[in-house]
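J.: Residue numbers (our numbering), protein chains in the order written: chain S, 843 to 1033; chain G, 51 to 153; chain L, 46 to 417; chain F, 504 to 725.
Warning: the hint list may mix true and false statements.
[What the hints assert, rightly or not] For the chain F half of the interface with chain G, some residues (derived, Cβ under 10 Å), not all of them:
#1 Ile517
#2 Leu552
#3 Leu556
#4 Val561
#5 Asn574
#6 Arg596
#7 Arg599
#8 Val606
#9 Leu619
#10 Phe625
#11 Ser655
#12 Leu657
#13 Met660
#14 Met662
#15 Leu668
#16 Ala669
[To be verified] Distance condition first, Cα-Cα at most 35 Å in a straight line; then the derived DSBU-like pairs of lysine-lysine:
#17 Lys408(L) - Lys845(S)
#18 Lys888(S) - Lys131(L)
#19 Lys131(L) - Lys848(S)
#20 Lys201(L) - Lys990(S)
#21 Lys99(L) - Lys845(S)
#22 Lys99(L) - Lys1008(S)
#23 Lys131(L) - Lys591(F)
#24 Lys131(L) - Lys110(G)
#25 Lys391(L) - Lys408(L)
#26 Lys391(L) - Lys888(S)
#27 Lys848(S) - Lys408(L)
#28 Lys855(S) - Lys408(L)
#29 Lys138(L) - Lys591(F)
#30 Lys888(S) - Lys201(L)
#31 Lys855(S) - Lys201(L)
#32 Lys201(L) - Lys71(L)
[What the hints assert, rightly or not] Have a look at the derived ranges for each label pair, beta carbon to beta carbon:
#33 Val663(F) - Pro258(L): 26 to 34 Å
#34 Gln511(F) - Leu337(L): 33 to 41 Å
#35 Asp993(S) - Ile153(L): 52 to 60 Å
#36 Gly1004(S) - Glu283(L): 46 to 54 Å
Rather than coming from a laboratory, the hints here were simulated on the basis of the structure. All of these numbers come straight from a predicted model, not from anything done at the bench. Ideal Cβ placement from N, Cα and C applies to all residues, glycine included.
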Amino acid sequence: MIKFLKQVGDYAKEAVQSARYIGQGLSVTFDHMRRRPVTVQYPYEKLIPSERFRGRIHFEFDKCISCEVCVRVCPINLPVVDWEFDKATKKKKLNHYSIDFGVCIFCGNCVEYCPTNCLSMTEEYELSTYDRHMLNYDSVALGRLPYKVMDDPMVTPLRELGYLPKGITEPHDLPAGSRRAGARPEEILEK
Amino acid sequence: MHLQLQAFLVLAAALFAIGIYGLITSRNAVRVLMSIELLLNAVNLNLMSFSNYIDAQGIKGQVFAVFVITVAAAEAAVGLAIVLSIYRNRDTVDMEQFNLLKW
Amino acid sequence: MNPGIDLQGTFIQTLRDLGLPAGAAKAIWMPLPMFLIIIGATVGVLVVVWLERKISAAVQQRIGPEFAGPLGVLQPVADGLKLVFKEDIVPAKSDPWLFTLGPILVVIPVFLSYLVVPFGQNLVITNLSVGIFLWIALSSIAPIGLLMSGYASNNKYSLLGGLRAAAQSISYEVPMALSVLAVVLMSNSLSTIDIVQQQSHYGILSWNVWRQPLGFLIFWIAALAECERLPFDLPEAEEELVAGYQTEYAGMKFGLFYIGSYVNLVLSSLLVAVLYLGGWETPVPIEFVGGLLGLNETSPWLQVIDAALGITMTVLKAYFLVFLAILLRWTLPRVRIDQLLNLGWKFLLPVSLVNLLLTAALKLAFPFAFGG
Amino acid sequence: MNLAEGVQIVSFCILSLMMIGAALGVVLFENIVYSAFLLGGVFISIAGLYILLNADFVATAQVLIYVGAVNVLILFAIMLVNKREDFKPLPNRLLRQVTTGLVCFGIFALLSTMVLATPWAFSTAPAAAESSIVIIGEHLFSDFLLPFELASVLLLMAMVGAIVLARREYIPDEILPGLTRPSGLTLPERPRELLTLTSGGKGDLRNQKPASSTKQPIDTNA
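Isolated chain S, as found in the complex:
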């Protein structure tokens, strides 16, 4: 009998305990309701990509010396460098260069190791196409300039976490002149 009563008591205790946990959970959920939404209304508002964003790779045809370092450092040997040896000038002459962004993992090794800086990362990330073969960019496509979120009149640019003043996590409704946390690169150079 005592044992049974103890069981009932324990059960009741557990029930009360779980009710308390449910109450705690509810209060957390309720607290979230008064926080401001973090939504970025994507096609109308866009975040400004951060400084070292690794987007689509830009390529300058004239700077390239066809050294194939990019191919060697690429984890999957992705860039296709089509060159031939020019007997007259005794230099390699680049015919075609292409990167397939359907396969690229945007690790940035090629940019890092390119001796002439002809490869660079852009902040362009909207690469969707109807056919995956259209992601295979040739040297012309790679040479196009990226467009900037800030320049698009249809888009409200929103500053990302890295650009926001210290302690603020909300890109909406910032005063116009507010600057980001920390020193800017040029300020670091001056020091």
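Following the hints, complete the assembly by docking chains G, L and F onto the known chain S.
T.: Using the frame of chain S, we list chains G, L and F on its own:
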């Protein structure tokens, strides 16, 4: 014309006859149980119409109907449990196959 | 207790003054409240769908619908229109009759249950003597529709979902009925009007929630389970059963399930408000306020205000509970099927029996406080 | 004939047609699932007839218990035993059915002539419809107290009995050594290696479990 006791009673008789037919002819054990439910409902309908037309003050018929409903619920539970265990043993619900007690 | 506004009597009297016979006047009156309630229930669904989306968004720090109408209030209408115009697919191997009949059987009892929901002293379609019992009986029809649609879809997920839904709603009917029984025990009547009137005299203090805290909790949990709301939405648990019995449905048949579930949620909230939160009663009794201000409570404009206030109070209480349900949805994880049945049979059922016994004992001991 | 009586007669006709049609469907349909759903139709229309007979409480109880419990129970049972099986044809099946039909029609004819020939003692007192719950309750706790208590005992016994009958009494908790797992239930995949550590037996058990203990999911509903 006014709704008469006889109309309800004839209706109940029809339901009872249908139930009997199903009870005898159906080979699926679950359908037999359903026919029994039909029979019980026919009886209930009788009780209720008597209660309304003959004993309108005391409505004892309704009390009986409540009892019949209780019994029917119990009958359905036990009957279906029996059908279930027979099905597990014999792997069929055919009434003609339930012949363990036949000799 | 003032009788409150009597719309029916006034309406019929007006028509008779215009020269109509009494029977015709009554026949004209009869469909009016039904249409009003059906329209009210449907609008209520739209509001609840909008609330659900907005509150869910707020809980997850999103914005939610905002382009369809101001603050996205037209979003549910857009959803409904989309469902109406979608192609109505009946799967090839399904059973077309049962497949069509299933959603109808699920929806009709829910709308029928609005018969007994009171919004004021005379603002109810019918004041049946079996009142709340009728609701319990009607809500037990829905499992048949669920089983029907689950079976007719000819899909294992659907069948499992239908069976689960039926098992769940049968198991939670029992504690729910027992907790309703405790309330009925106190008000000596099954009629919803009497149940509200019994909690009317001292404002918020006389609400049943203080006398029946256990019953209130049990009823609310069971109502959530009956409505298949999270954390009890096992029949349509998308990780295991795709969408349960709704898997094969599209277009307006799916829309019927959708409407049915939300109407059921509103209905359960309304009934919680009626059974435990004093129905149309204001937290401070309106006679008391009228007495303070020196107003005669039979004056017509006070009665109109009283009726409007009653409807507002009932709806407000119901929507507070809906809000609670939505908040619970984003707080609690889904339970497993065995946990669900264990909770129903091993926890809620004994506790509700104890609650019933306790109520009976208290009624015998303190008849003045527990409706002797 | 005023409005109320007309409504009564029309609804009686509709309900009785519904009931007879659904009952015939229960008995005659080949597909047992249709029969079960039509049984729900029979119960609902009988509840409607009870309302015509001034018995709102019993009508509601009919809906609650028959439609909500018994019919769902039957449906569950059908879903549990629903094996597509063709019954072995019996000799003279048609003859049997015709004979039974004739006998049943005879019963019906007999009963209805009896019903129509008997002079019934109608009560002239007005119906006590409004307080039928109160009257039923008074009956249950005064002159029908013993049957009431017996009915509750019966329900308890039925519940226990149904659970005991429907339960699977033999759930093997240890795998017999000679028992091989049926090949139809296993997936065509590489068998998992047994854990050959100290708890070899346990790993063995765990490995065998999916094939052996197919526990019935819905047992306690009876």
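J.: All hints are to be evaluated individually against the structure, with a verdict given for each.
T.: Hints, one by one, checked against the model:
1. Ile517: Result: violated, 12 Å to nearest chain G Cβ.
2. Leu552: 6 Å, holds
3. Leu556: 4 Å, holds
4. Val561: Result: holds, 5 Å to nearest chain G Cβ.
5. Asn574: 9 Å, holds
6. Arg596: 9 Å, holds
7. Arg599: 7 Å, holds
8. Val606: At about 8 Å, which falls below the 10 Å cut-off, the nearest Cβ of chain G leaves the hint on Val606(F) intact, so it holds.
9. Leu619: 6 Å, holds
10. Phe625: Hint on Phe625(F): holds, closest Cβ of chain G at ~6 Å, below 10 Å.
11. Ser655: 8 Å, holds
12. Leu657: 6 Å, holds
13. Met660: Holds. Min distance 8 Å.
14. Met662: Cβ of Met662(F) sits 7 Å from chain G, so the hint holds.
15. Leu668: It holds, given that the least Cβ distance between Leu668(F) and chain G is near 4 Å, below 10 Å.
16. Ala669: 4 Å, holds
17. Lys408(L) - Lys845(S): 31 Å, holds
18. Lys888(S) - Lys131(L): 33 Å, holds
19. Lys131(L) - Lys848(S): 59 Å, violated
20. Lys201(L) - Lys990(S): Violated. Lys201(L) to Lys990(S) sits at ~52 Å, over the 35 Å cutoff.
21. Lys99(L) - Lys845(S): Roughly 50 Å between the alpha carbons, so the hint for Lys99(L) and Lys845(S) is violated.
22. Lys99(L) - Lys1008(S): Status holds; Cα separation ~30 Å.
23. Lys131(L) - Lys591(F): Judged against 35 Å, a Cα distance of about 46 Å means the pair is violated.
24. Lys131(L) - Lys110(G): This hinted pair is violated, its Cα atoms lying about 54 Å apart.
25. Lys391(L) - Lys408(L): 26 Å, holds
26. Lys391(L) - Lys888(S): 53 Å, violated
27. Lys848(S) - Lys408(L): 28 Å, holds
28. Lys855(S) - Lys408(L): Distance ~27 Å between Lys855(S) and Lys408(L) Cα, so the pair holds.
29. Lys138(L) - Lys591(F): Measuring from Cα to Cα gives roughly 27 Å; hence the hint holds.
30. Lys888(S) - Lys201(L): Distance ~44 Å between Lys888(S) and Lys201(L) Cα, so the pair is violated.
31. Lys855(S) - Lys201(L): This hinted pair is violated, its Cα atoms lying about 40 Å apart.
32. Lys201(L) - Lys71(L): 51 Å, violated
33. Val663(F) - Pro258(L): 26 to 34 Å: Holds: the Cβ-Cβ distance is about 33 Å, inside 26 to 34 Å.
34. Gln511(F) - Leu337(L): 33 to 41 Å: 51 Å, violated
35. Asp993(S) - Ile153(L): 52 to 60 Å: 59 Å, holds
36. Gly1004(S) - Glu283(L): 46 to 54 Å: Hint violated: Cβ distance 36 Å, outside 46 to 54 Å.
Of the numbered hints given earlier, the model fails hints 1, 19, 20, 21, 23, 24, 26, 30, 31, 32, 34 and 36; all others are met.
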